[in-house]
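S.K.: Sequence:
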Amino acid sequence: MNRILILILSITFLQVRSQTEVYTSNWITGMMEYNPAVAGKSLDLSAAAIFRNQWTGFDGAPAIQLLQAHKPMLSRRLSYGLGVRSVFARPVTSVGLDANFAYRLRFPSFQVHMGTKLSGTFENNSLTDTQLQELDPAWQNYQGKKLIPNVGFGVYVFNDNYYIGLSTPRMIRHRNVLGMESLSWYYLSAGYAETVSNAFRYRFAFFSGWDTQSPLLLDFNASALFGGKLWVGTHYGTQQYGLYFQYVISPQYYVGYSVDVMNRYNYAMLGTSHEITFRYEVSKNRRRVYTYHL
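In this text, residue positions in the sequence shown follow the numbering used here: the first is 1, and each later residue adds one.
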């Protein structure tokens with residue numbers, strides 16, 4: 001039993017400490033999790049749900065759920081968005097709620113969003129004091145439950161064909177319920193999309209994250225729309241690589257699936273990660289639905 005707990009803590013929480021933010025393969029769909037300035041960018045209601053089962057070859061591996069929705073206010077200059085995230089990474093469970101706000105500046109050929117994020121995360125540790133001390137006496141200051149407030153900021157520059165964003169979604173450092181210090185991550189993202197015809201479009205995207213105490217996180221993404229219905233893409237990064245598919249049910253409804261594996265040889269035993277995404281977009285501009293959502 002102790003060996004199982006040690007393995008869980010050493011692998012799962014090493015990952016959590018080095019990357020306190022939730023990381024998904026389809027970060028394009030869940031971008032508001034990383035940058036609050038994304039709120040309201042589509043000029044109408046946009047909602048998404050992401051369900052991720054990570055490291056399926058490892059019992060007790062993390063399961064991640066993201067729910068988010070955002071839209072502009074009547075003035076179109078102000079936007080707001082709400083996000084809910086849950087991470088079940090035994091023995092710690094965390095549930096967070098985010099409120100995102102963005103202000104829009106319009107220029108002749110592009111727009112700028114400046115955003116802020118207010119968040120609160122509730123963490124619960126299922127390990128008992130006896131179990132922790134059996135593993136390591138150093139873990140004596142753990143907490144069974146903890147509520148963690150935080151704040152973040154971001155900027156997002158975009159038009160119909162490209163975007164670039166810079167953000168830090170949770171700036172305040174804290175210690176989790178096991179006494180492990182969190183990290184304040186900074187994210188840089190960029191993307192470009194082009195329409196060749198009504199049936200074929202392509203896009204490229206880049207995502208990076210860093211903290212002074214962690215290795216650089218990089219992920220490159222390339223995808224194409226075939227027949228106006230099926231997005232097929234691949235991504236490769238410092239942590240994992242994989243494939244994803246997204247089917248356009250209608251200009252408003254999308255469903256997607258992705259699979260990826262860790263690209264570090266010593267994590268091969270963890271197996272694959274699987275992710276299902278749903279997206280709902282309201283837009284009066286059909287072309288915008290396809291190309292704008294980079």
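It cannot be assumed that every hint is accurate.
Here are the simulated EDC-like pairs of lysine to aspartate or glutamate, each with C-alpha atoms no more than 16 Å apart in a straight line [unchecked claim]:
1) Lys71 to Glu281
2) Lys71 to Asp44
3) Lys145 to Glu123
4) Lys146 to Asp160
To be clear, the hints were calculated from the coordinates, so they are not data collected in a lab.
S.K.: If a hint holds in the structure, say so; if it doesn't, say that too.
M.R.: Here is what the structure says about each hint:
1. Simply put, Lys71 and Glu281 have alpha-carbon atoms about 10 Å apart, close enough for the 16 Å limit, and the pair holds.
2. The suggested pairing of Lys71 with Asp44 holds, with an alpha-carbon distance near 5 Å, which does not exceed 16 Å.
3. A threshold of 16 Å between alpha carbons decides the hint, and for Lys145 with Glu123 the separation of about 6 Å falls inside it, so the pair holds.
4. Distance hint between Lys146 and Asp160 is unfulfilled; the C-alpha atoms sit about 42 Å from each other, more than 16 Å.
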